[in-house]
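Mind docking chains B and C on chain A? Use the hints.
Line order of the protein sequences matches chains A, B and C.
Numbering-wise, the working numbering puts 434 at position 434 of the first sequence, and it's gapless, one number per residue.
Numbering-wise, the working numbering puts 514 at position 514 of the second sequence, and it's gapless, one number per residue.
Numbering-wise, the working numbering puts 97 at position 97 of the third sequence, and it's gapless, one number per residue.
Hint data in this document are derived by calculation from the structure and do not stem from the laboratory.
Just to be clear, a hint being listed does not mean it is correct.
Claimed, not checked - Listed next, the in silico BS3-like pairs over lysine-lysine satisfying Cα-Cα at most 27 Å (straight line):
| hint | chain 1 | residue 1 | chain 2 | residue 2 |
| --- | --- | --- | --- | --- |
| 1 | B | K308 | A | K81 |
| 2 | A | K592 | B | K495 |
| 3 | B | K495 | A | K81 |
| 4 | A | K81 | B | K481 |
| 5 | A | K558 | A | K375 |
| 6 | A | K570 | A | K558 |
| 7 | A | K596 | B | K308 |
| 8 | A | K595 | B | K204 |
| 9 | B | K452 | A | K30 |
Model, not experiment: these values are computed from the prediction.
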Amino acid sequence: MIELVWLIPLFPAIGFLFNGLIGRWFNLDKRIVSWVACFALGLSFLFSILIFFALLKLSPEARAVVPDRVLFDWIVSGGLKTVVGYKVDPLSIIMALVVSGVSFFIHIYSVGYMHDDPGYTRYFAFLNLFVFMMLTLVLANNFLLMFVGWEGVGLCSYLLIGFWFDRDAPANAGKKAFVVNRVGDFGFLLAMFLIFAHLGTLEFNGVFDGAHSLDIVTVTLITLLLFVGAAGKSAQIPLYVWLPDAMEGPTPVSSLIHAATMVTSGVYMIARCNILYTMAPVSMATVAIVGAATAIFAASMGLLQFDIKRVLAYSTISQLGYMFLAVGVGAFSAGIFHLMAHAFFKGLLFLGAGSVMHAMSGELDMRNMGGIWKKTPITFWTFLIATLAIAGIPGFAGFFSKDEILWQAFSSSHGHVYLWLVGAVAAGMTAFYMFRLVFVTFLGGCRATDEVKKHIHESPSIMTVPLIVLAVLSVIGGYVGIPHVLGGRNIFHEFLAPVLGGHPEGTAHAAFSLVKSAFASGGAAEGSGINMELLLMGVSVAIAIIGIGIAFYLYILKPEVPKRLGERLKILYTIVFNKYYVDEIYEACFVKSTKKLGTFFWREFDDGVIDRSVNLVGGLMLWLGRVLRRIQTGRVQGYALGIILGAVIIIIFLIR
Amino acid sequence: MNLEGFPILTAVTFFPLAGAILLLFVPKAKEEFLKWMALGISLVEFVISLPLFIYFNEGVAGMQFVERIPWIREWGVTYFIGVDGISLLLILLTTFLTVLCILSSWRSVGRMVKEYMIVFLILETGMIGVLVALDLILFYVFWEVTLIPMYLIIGVWGGPRRIYAAIKFFLYTMAGSVLMLVAILALYFLHGKITGEYTFDVLKLYQTVLPINTQYLMFAAFALAFAIKVPMFPFHTWLPDAHVEAPTAGSVILAGVLLKLGTYGFIRFAIPLFPVAAFKAAPIISILALIGIIYGALVSMMQDDLKKLVAFSSVSHLGFVMLGMFAFNVQGVQGSIYQMLNHGVSTGALFLIVGMVYERRHTRMIADFGGLAQVMPVFATFFMIVALSSIALPGTNGFVGEFLILLGAFKANNVYGILGATGVILAAVYMLWMFQRVMFGAITHEENRALKDLNLREIVTLVPIIIMIVWMGVYPTFFFKKMELSVQRFLYDVKARSAAATTAAPPESGPVVIEQEHDTMIQPVTEQEKE
Amino acid sequence: MFSGVTPIYFLFVSAVIFAIGAVGVLIRRNAIVIFMCIEMMLSAVNLTLITASHYLQSLDGVLMVFFVMTVAAAEAAVGLAIFVLLFRGRGTIKVDGINLLKW
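Isolated chain A, as found in the complex:
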């Protein structure tokens, strides 16, 4: 069964080819297109599940060393041998499950959402292509094939962001995404070169087995460069600027690519390379710091945006920051855990936003909404569930994952209390702006125009069923990772342990044993009893509730307050509202200067210097010719004189 892993990416690839070539050429009926696309995904998901269960049958140690399934040699040159091969282990199968599963539901949602779009077939073709690339990325057994998937998802992101290419904004956004991604890919490439130069192979098995032979400088360089790649793909500082613009694409695209899957590639990559990262504390610190900084920075920008999708975009960047914070402090499985939970609730949030757009006749500005919860019940309740999850309210998926991250940030050997502090503050901000979103969009009075109000309706079931499914997952998805301190068993972490190492358990065990001893001695807590983890857990829940409370106050109870606050802190407000002018700074620093350089090289140098010297040589020849032609006087006697003189000279020489 496990050898069939290569089928998982193959089905969407076939779906892409079918819809892309045959579907477009023969203008197939929409139903065929959607059936093919969704069916392909369904098969992918099915096989992921089957292989997952096949993997479970093995013992935990055996799961990490399942032999790779190699299809054929790809690039073989000298000492370099890369294959098209797939790796089945706990990490890759979890990723495959998340990707294929969430994609499957988003495909179904898209059938309804994109129903009236003329580019229907093209949309599904690209969406299938994307899933193919993403699955290649997570299932690859070597860096180069992963890079294929890596750039491939970048390509699909480009194509899908710019899906409505007849408008300038989406086309620009797509180009921006691709170029910024490429900057990250540059780092990835250099990391691969370093890896090959020192280890002679690019296969995961070979690299990780041989990693111990690397010296710390090399490992640090490799991991930092890999992180550059991850930062580009997963929108961390300073390469996050493409993600908000990416909202120009269709909403299911934003959900799938820019929330659930593509943007998580960087986290996956770092988790996959955990052996390398644990050898390089400097890199880990960098990752953690950048992650934490991104988390709070992006959260701050999400506080003031009015476009629903923009808020969610900044939220995504922020949550990704959390994931990087997790892997940066060595809590690799916590990062993956949050990745999974995030896929559920953020995917749901975007789909919900799409549903709201659908209901509000294309409106996305929350200032023009309000009070629609009665008319769009399923959308509202699922959206609320997702918001509770992202805010980290106990009982929902986000609580367990986010909490584990915060705890590890505090307690892990790579962690630090400041990291926890930043994370906690960002968590509060998250709760605040997400509930702001909910309150302004769904509750209160309706600020929409009458025309729009007439048409507010719930989405068709083909769109709401995926919402419900994802909502359910947003609740139960967390229960695979209940921390010990609450009496549960983190089966998620255990499942991934053979691949990701068991680091965090160390500290958790210590805490657990403390609690155990506390209970064992019949409840007589010896004063050492304040369990840090429980305490922090309580703090973060409290922060979340405070955030919700502030949002409630500002947007339900006293809606006129935000405006007054905005007036009073006008400068701060403007800076944050304009996203700290980062885009403008980039434009001025990088874009304009590159263009100027290009023009300079062209006009001044190429035309001015090089071409001018070439033409100068030509001119020189012409001048020389003009001078020399005067010898040709046309007078025969002159020539005769020359002949005679020459003859005389020769005779003189001969006589001597």
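The following block gives chains B and C in isolation, referenced to the frame of chain A:
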């Protein structure tokens, strides 16, 4: 090995010439017939070049299909031709692209069709001749033979400034090759003085051991000629003019094959004849290559003429080729050769595409377009795939070549690899920005609304290229197997002979070779020769 | 045979006549005069040949003189025909007017 004694290599080389002579007898009024006949000739030529590929023995590193007939005995000139893994693929590229060129010239060549087709076929003979010649004089003859047809193509059927461009192209290239001729003769005489045998046979000349300073000078002469052809910075300025003024098919064959003759010249002649000098020159050439990559990309970005943009992108791409070649390791050289093929396919396709747009609107200015994807979706798809190949998206052929080149360059010198990799970012920028300005966005000029999408002939021209882009990108081992031994032999020879030469003189500091133990070396295999 | 008058006198005369003829070819502008000077040069050469032939007691030189005179005659005929045509075409027989090969 001559396929049961049949001189297939001569056939492949001269068949186009024979076809051209046949065309002479067709009355010039019968234009349709001429076109079909030329197409037929080029197709037949492609078909007869396939046995070279099929019967090529991958286990042999030396020359195959060798033919050797004494030509001018008194001067040691022989008609000596053969292929090895390196030239084989380039020959197939030539025959493949010529078919597509003739196909694309169907409607765009309005006058003097007969002369055009004849000139094109003669050009094909010249190009293949350069690739198979193993005697220096024979090589030089074919080298010059490629100049005149190209000059005519640009000068007669080209754009408004065609005379300037054609003359510039011709004189610039000729200046370099004349210097090379001097070096060839010098080599001839020196070799004769040392060994007593006066010959132009390249394989024998490889063995010449020359004093170091002489080597430097002669390498410089050869390198100049080839550097102008490649074109390397700063000798590249003839290229944009030549490309802009040439007709579409002329640009395709110029970019697709003629430029490769320069890089091929390095691998076949300049480096193996003067290995010590080549090693010593590697830093200079690598730096020029890097400048070419980055400079070419930056200038390309700001162009307002589509063809000039693609022309400068050629400078950038061939910078990669030279960078890989002078890394002197297996990955670099294999990547370099593969990228030669890739560039021929992708940039050739880009010129075809630009030509298709030009045929419709008679302008190449980017500003005159915008939003074309709405009216020409099929075209947009093809264009996108070709553009992605040009920026080396994994899965396309361009990635395989660029990755290997950068890997090889990185191994040779970390800084070169890092700088070269920035080209990856720049390529995405200029290509995607151009694509967006031309294809995406709203339709800004009303004339563009009426444009017709691709017709059958144009699709037939582009589909083989798309197939090659995908095939070469997904399954490159099919092509790599052919060239592997030849490349290894090339590297082995070069390193061995330069080591031998430098034990006499103080050791030169060439690029640091890290991965010696990873490259499987083979003993030089005796060539298969047959009179 | 003649005492006092050695062959050197003849050679000297011949040289002088040749030089005068040569200078005349270079300096004179009238084409017919140039032609006459050329004939002078040829005569000078004839004189040299006869002298040498007599001095060396051989008939070779004399024979050559016949050839030279024949050639001179033929050349004169053709040359004068060319001049007639030139005059018809250019309107002048002065050699500086015949300068179509000028740059």
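Can you give the numbers of the hints that this structure goes against, from lowest to highest? 1, 2, 8
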